[in-house]
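Chains A and B are the protein sequences, given in the same order.
In terms of my numbering, the first sequence opens at residue 1 and continues consecutively.
In terms of my numbering, the second sequence opens at residue 114 and continues consecutively.
Treat each hint with caution, since some may be false.
Taking CB as the label site, the calculated pair distances span [unchecked claim]:
(1) Ser140/B x Asp67/A: 23 to 31 Å
(2) Glu15/A x Gly116/B: 39 to 47 Å
(3) Ser192/B x Glu66/A: 14 to 22 Å
(4) Glu14/A x Ser208/B: 32 to 40 Å
To spell it out: a stretch of chain B is covered by chain A in this simulated footprint if at least three of its residues, at any positions, have a beta carbon under 8 Å from a beta carbon of chain A; those stretches are [unchecked claim]:
(5) 132-138
(6) 187-199
In the PhoX-like style, the derived pairs of lysine-lysine whose C-alpha atoms are separated by at most 25 Å in a straight line are [claimed, not checked]:
(7) Lys3/A x Lys126/B
(8) Lys69/A x Lys3/A
(9) Lys214/B x Lys3/A
The set of hints was computed from the structure by calculation and includes no laboratory data.
By construction, the Cβ of each residue, glycine as well, lies at the ideal position given by its N, Cα and C atoms.
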Amino acid sequence: DAKTTQPNSMESNEEEPVHLPCNHSTISGTDYIHWYRQLPSQGPEYVIHGLTSNVNNRMASLAIAEDRKSSTLILHRATLRDAAVYYCILRLPTSGSARQLTFGSGTQLTVLP
Amino acid sequence: KAGVTQTPRYLIKTRGQQVTLSCSPISGHRSVSWYQQTPGQGLQFLFEYFSETQRNKGNFPGRFSGRQFSNSRSEMNVSTLELGDSALYLCASSSTSNNEKLFFGSGTQLSVL
């Protein structure tokens with residue numbers, strides 16, 4: 001799997017937007033970009049994924065660079081409940097393939113009240 | 114819809130013993146995968162089962178094994194426990210559609226003394 005690079009930690013103030021970056025310079029043309037987050041004492045939780053175009057859902061937005069070598073997860077208004085480790089992961093889209101995720105070390109997001 | 118259920122939540126064993134962990138996937142999900150999470154190594158893929166067949170396996174010794182039943186429930190077994198097996202073991206389920214997201218349980222925290 002292609003490798004991703006994320007900052008170890010970031011801080012944000014409550015109710016402000018948060019931009020979590022991810023570099024994936026070796027991404028292949030068929031890799032999807034997935035984001036998961038892990039809250040304390042819980043398993044990882046799916047956040048969002050995309051291929052080329054920017055994506056929005058109720059949790060977050062995903063902005064993908066035109067060359068696809070980087071992406072940014074955007075939390076529009078951080079809350080204390082968003083404090084978690086955020087993982088950026090590349091996945092092949094092959095139907096029927098193993099559901100294997102290769103997790104990096106992720107970004108620990110701290111939200112300050 | 115009920116989420117992924119893992120039992121037990123906590124487990125304490127001694128070196129040399131064996132342990133069996135259980136995972137009930139979301140209803141209708143046929144793929145179950147297992148991950149080990151430790152502070153030093155992070156989240157690492159163990160194996161994945163689909164329709165009672167192991168489809169992919171991570172880089173773990175043969176002491177780690179698993180199986181899946183016809184109702185998609187899965188168990189993983191670790192024999193001859195070592196201190197280094199102390200970890201959070203996470204199970205994830207997914208449906209069969211292409212590039213679908215994974216749903217994780219809260220995990221089983223295993224402590225080996």
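Results of checking the hints against the structure:
| no. | hint | result |
| --- | --- | --- |
| 1 | Ser140/B x Asp67/A: 23 to 31 Å | violated (41 Å) |
| 2 | Glu15/A x Gly116/B: 39 to 47 Å | violated (29 Å) |
| 3 | Ser192/B x Glu66/A: 14 to 22 Å | violated (51 Å) |
| 4 | Glu14/A x Ser208/B: 32 to 40 Å | holds (35 Å) |
| 5 | 132-138 | violated (count 0) |
| 6 | 187-199 | violated (count 0) |
| 7 | Lys3/A x Lys126/B | violated (35 Å) |
| 8 | Lys69/A x Lys3/A | holds (11 Å) |
| 9 | Lys214/B x Lys3/A | holds (19 Å) |
The structure fails to meet hints 1, 2, 3, 5, 6, 7 from the earlier list, while all remaining hints are met.
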